[in-house]
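**Student:** What follows is each chain in one-letter form.
Number of protein chains: 2
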Amino acid sequence: MSDPLPTGATIGILGGGQLGRMLSVAASRLGFKTHIYEPGAAPPAGQVADKVTTASYDDRDALQAFSRSVDVITYEFENVPSAALDLLEAGCEVRPNRRALKTSQDRLDEKEYLETLGLRVAPFANVTSEQELDAALTAIGAPSILKTRRMGYDGKGQVRIKEGDTAKNIWPQMNETPCVLEGFVDFSHEVSVIGARSADGQVACFDPGENVHRAGILHTTTVPANLTAAQRTDAVLLTGKILNALDYIGVLGVELFVTPEGLIVNEIAPRVHNSGHWTQNGCVIDQFEQHIRAVAGWPLGDGARHANVVMENLIGADMDRVPKLAGDPNIALHLYGKAEVKSGRKMGHFNVITPK
Amino acid sequence: MSDPLPTGATIGILGGGQLGRMLSVAASRLGFKTHIYEPGAAPPAGQVADKVTTASYDDRDALQAFSRSVDVITYEFENVPSAALDLLEAGCEVRPNRRALKTSQDRLDEKEYLETLGLRVAPFANVTSEQELDAALTAIGAPSILKTRRMGYDGKGQVRIKEGDTAKNIWPQMNETPCVLEGFVDFSHEVSVIGARSADGQVACFDPGENVHRAGILHTTTVPANLTAAQRTDAVLLTGKILNALDYIGVLGVELFVTPEGLIVNEIAPRVHNSGHWTQNGCVIDQFEQHIRAVAGWPLGDGARHANVVMENLIGADMDRVPKLAGDPNIALHLYGKAEVKSGRKMGHFNVITPK
Numbered sequence: 001m002s003d004p005l006p007t008g009a010t011i012g013i014l015g016g017g018q019l020g021r022m023l024s025v026a027a028s029r030l031g032f033k034t035h036i037y038e039p040g041a042a043p044p045a046g047q048v049a050d051k052v053t054t055a056s057y058d059d060r061d062a063l064q065a066f067s068r069s070v071d072v073i074t075y076e077f078e079n080v081p082s083a084a085l086d087l088l089e090a091g092c093e094v095r096p097n098r099r100a101l102k103t104s105q106d107r108l109d110e111k112e113y114l115e116t117l118g119l120r121v122a123p124f125a126n127v128t129s130e131q132e133l134d135a136a137l138t139a140i141g142a143p144s145i146l147k148t149r150r151m152g153y154d155g156k157g158q159v160r161i162k163e164g165d166t167a168k169n170i171w172p173q174m175n176e177t178p179c180v181l182e183g184f185v186d187f188s189h190e191v192s193v194i195g196a197r198s199a200d201g202q203v204a205c206f207d208p209g210e211n212v213h214r215a216g217i218l219h220t221t222t223v224p225a226n227l228t229a230a231q232r233t234d235a236v237l238l239t240g241k242i243l244n245a246l247d248y249i250g251v252l253g254v255e256l257f258v259t260p261e262g263l264i265v266n267e268i269a270p271r272v273h274n275s276g277h278w279t280q281n282g283c284v285i286d287q288f289e290q291h292i293r294a295v296a297g298w299p300l301g302d303g304a305r306h307a308n309v310v311m312e313n314l315i316g317a318d319m320d321r322v323p324k325l326a327g328d329p330n331i332a333l334h335l336y337g338k339a340e341v342k343s344g345r346k347m348g349h350f351n352v353i354t355p356k
Numbered sequence: 001m002s003d004p005l006p007t008g009a010t011i012g013i014l015g016g017g018q019l020g021r022m023l024s025v026a027a028s029r030l031g032f033k034t035h036i037y038e039p040g041a042a043p044p045a046g047q048v049a050d051k052v053t054t055a056s057y058d059d060r061d062a063l064q065a066f067s068r069s070v071d072v073i074t075y076e077f078e079n080v081p082s083a084a085l086d087l088l089e090a091g092c093e094v095r096p097n098r099r100a101l102k103t104s105q106d107r108l109d110e111k112e113y114l115e116t117l118g119l120r121v122a123p124f125a126n127v128t129s130e131q132e133l134d135a136a137l138t139a140i141g142a143p144s145i146l147k148t149r150r151m152g153y154d155g156k157g158q159v160r161i162k163e164g165d166t167a168k169n170i171w172p173q174m175n176e177t178p179c180v181l182e183g184f185v186d187f188s189h190e191v192s193v194i195g196a197r198s199a200d201g202q203v204a205c206f207d208p209g210e211n212v213h214r215a216g217i218l219h220t221t222t223v224p225a226n227l228t229a230a231q232r233t234d235a236v237l238l239t240g241k242i243l244n245a246l247d248y249i250g251v252l253g254v255e256l257f258v259t260p261e262g263l264i265v266n267e268i269a270p271r272v273h274n275s276g277h278w279t280q281n282g283c284v285i286d287q288f289e290q291h292i293r294a295v296a297g298w299p300l301g302d303g304a305r306h307a308n309v310v311m312e313n314l315i316g317a318d319m320d321r322v323p324k325l326a327g328d329p330n331i332a333l334h335l336y337g338k339a340e341v342k343s344g345r346k347m348g349h350f351n352v353i354t355p356k
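Protein chains in written order, with the working numbering: chain A, 1 to 356; chain B, 1 to 356.
Mixed in with the good hints, there may be bad ones.
To be verified - Ranges of calculated distance between the beta carbons of each label pair, as one might list FRET restraints:
1) A/His213 / B/His189: 50 to 56 Å
2) A/Asp58 / B/Pro81: 55 to 61 Å
3) B/Glu89 / A/Arg150: 39 to 45 Å
4) B/Phe77 / A/Arg160: 55 to 61 Å
5) B/Ala42 / A/His219: 40 to 46 Å
6) A/Val159 / B/Gln202: 49 to 55 Å
7) A/Ala55 / B/Gln64: 31 to 37 Å
8) A/Gln202 / B/Met151: 44 to 50 Å
9) A/Pro123 / B/Gln202: 54 to 60 Å
10) B/Ala339 / A/His219: 39 to 45 Å
11) B/Val341 / A/Ser69: 20 to 26 Å
Stated by the list, open to error - Result set (PhoX-like, lysine-lysine): computed pairs, CA atoms no more than 25 Å apart in a straight line:
12) A/Lys324 / A/Lys342
13) B/Lys356 / A/Lys356
14) A/Lys51 / B/Lys51
Unchecked claim - Just so you have them, the derived chain A footprint on chain B, three or more residues with Cβ under 8 Å:
15) 82–90
16) 279–286
Source of the hints: derived by calculation from the structure; they are not laboratory data. All of these numbers come straight from a predicted model, not from anything done at the bench. Every residue, glycine too, gets a C-beta built ideally from N, C-alpha and C.
Chain A with its partners taken away, still in its complex shape (with noise of 0.2 Å):
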């Protein structure tokens, strides 16, 4: 590719989710074309973009033809299957790269890679057989949660283990499917950084946000989060590290648990990320335009906050809230167009400005 991309090219963007139409509407912006790539009919994103193309990951022909029509590939999520990157490399050239993806695919790999850079994670212990279960609850004890090594998100593929559960009770339930062990880690609370980095190696991180789960689900994102300097320097310094290390191109979330003993990372996700949305109203250039910035080879912006900003989801019925909401003064409301409400379906956020 052409590095910058100029005005009027087009990023092709793996998965037709609410990230895909932010990333698409981002990309406008910058006058950029987006043709999303999306199994599932009538995407999101797909409202707001200049092509889309339905078909499954498997389909060759799709995904060849997808590649030689796009000047650059990113994606919303990051279990893009190999076989399917494959074929789009051939064609084009997918950000962030092939090791951002491999890494965060695999828990395992993941944890494993991060200990390489020097940083701390949680206990874990690879689990793929009862016997290597009951090893890891030796080693680990309970509470702990043992996690689909892969495709786990929201919670899901994840079992939670407690004092007296036995390898020979949990380890049917998983279906053979390998998994990681991870220990219990006594943080008082969750951070995240979103950081990001350009292709010339420039990197920009917006300010750790504090976020509260409900239901394994992200409920809310506050800034400015519940940190020490130190904490928030730390915070950004190891994203910072990770984004070099992987020799990033794009924008990524890190998951960060604060413990007295310093920051633990939870997960880190190759992608634009939910507990970033907060920044669509809390800096001129939001990590949407930062990841579109990234991959099209532009300089970053600047991700200095000019708010404080609390960010809530709006999850299955929460969308009978938006009346009431889209009245308010202080709220910025931001919804995904997705035609049927669901239990546990992200249907939209909303972000509570007040002045900083």
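With chain A held as given, fit chain B onto it using these hints.
**Tutor:** Chain B in isolation, oriented as in the chain A frame:
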């Protein structure tokens, strides 16, 4: 139409230029789909719209199909032909209403209407012949400007009249087109107010901006404008008066000359306005979302300004400045995705943001 429109509804937009494009993006934030109606091929708005109809304004079938496929119709330009509106209104409500369009389509009607509201306008005279131009020049004098009553914008369809010009010299240039002669106003500067009115009569105005033109085209808008508190109040009140008098729904731009004797209305535009682009980076809810909220029957957003902004247009070869502007941390870029750079063509704009 049902008022308010539910999220997921479709907003029809007449015109596929940059205003339609930014309206479409704003609509997506509230979960609306958009359908663009535009005679020209490959409209900039089509890149971020759910649907595009490419058809002329005298294509009865296309107009009828369009109006039946959307939940409300709005427009990015005031010169929608009357016959097209008849067809559209038969299928779907058009907002802002017909009266606002009719008033602003004709400079003579507009000035006469504003006078009936007790507002001041420049001295003017209807000119449909050489004799009338001669009489008007006697009454109004020079310098003055002869403007076509209809279809003029960005300085097109205008002839400047200087001392010594005669009706005999000037009139043949106008091809028998009905005109208005506008007398010279000795103003210190021009400001504009972007006002909005909701379906239930709520009115909100953004802070007035100060406009500088070059070669008849808006060059910069600066907020805050250079106005006394009394002038600012006058500007906002007269905008509210126009909005209420027209029973208006949507965003309206009002251009005002600032003179020692008070504010004189230059012209009104029944749509989002170039001089309101600063709101994208100066307010939580910008003029585009404000317009979408109004035409969808939603409550208006808060128009409070949180930053000082200078908006500058990127016209034609100004696009060469984009790489440098993209790297400036105080600048937000907004590019329109137009394929071809032409002299005098609006290609984008940028907002220079400083803390308030």
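**Student:** All hints, please: hold or fail.
**Tutor:** How the hints compare with the structure:
{"no.": "1", "hint": "A/His213 / B/His189: 50 to 56 Å", "in the structure": "holds, 53 Å"}
{"no.": "2", "hint": "A/Asp58 / B/Pro81: 55 to 61 Å", "in the structure": "violated, 50 Å"}
{"no.": "3", "hint": "B/Glu89 / A/Arg150: 39 to 45 Å", "in the structure": "violated, 55 Å"}
{"no.": "4", "hint": "B/Phe77 / A/Arg160: 55 to 61 Å", "in the structure": "holds, 59 Å"}
{"no.": "5", "hint": "B/Ala42 / A/His219: 40 to 46 Å", "in the structure": "holds, 42 Å"}
{"no.": "6", "hint": "A/Val159 / B/Gln202: 49 to 55 Å", "in the structure": "holds, 52 Å"}
{"no.": "7", "hint": "A/Ala55 / B/Gln64: 31 to 37 Å", "in the structure": "holds, 34 Å"}
{"no.": "8", "hint": "A/Gln202 / B/Met151: 44 to 50 Å", "in the structure": "holds, 48 Å"}
{"no.": "9", "hint": "A/Pro123 / B/Gln202: 54 to 60 Å", "in the structure": "holds, 57 Å"}
{"no.": "10", "hint": "B/Ala339 / A/His219: 39 to 45 Å", "in the structure": "holds, 44 Å"}
{"no.": "11", "hint": "B/Val341 / A/Ser69: 20 to 26 Å", "in the structure": "holds, 23 Å"}
{"no.": "12", "hint": "A/Lys324 / A/Lys342", "in the structure": "holds, 20 Å"}
{"no.": "13", "hint": "B/Lys356 / A/Lys356", "in the structure": "holds, 12 Å"}
{"no.": "14", "hint": "A/Lys51 / B/Lys51", "in the structure": "holds, 11 Å"}
{"no.": "15", "hint": "82–90", "in the structure": "violated (count 0)"}
{"no.": "16", "hint": "279–286", "in the structure": "holds (count 3)"}
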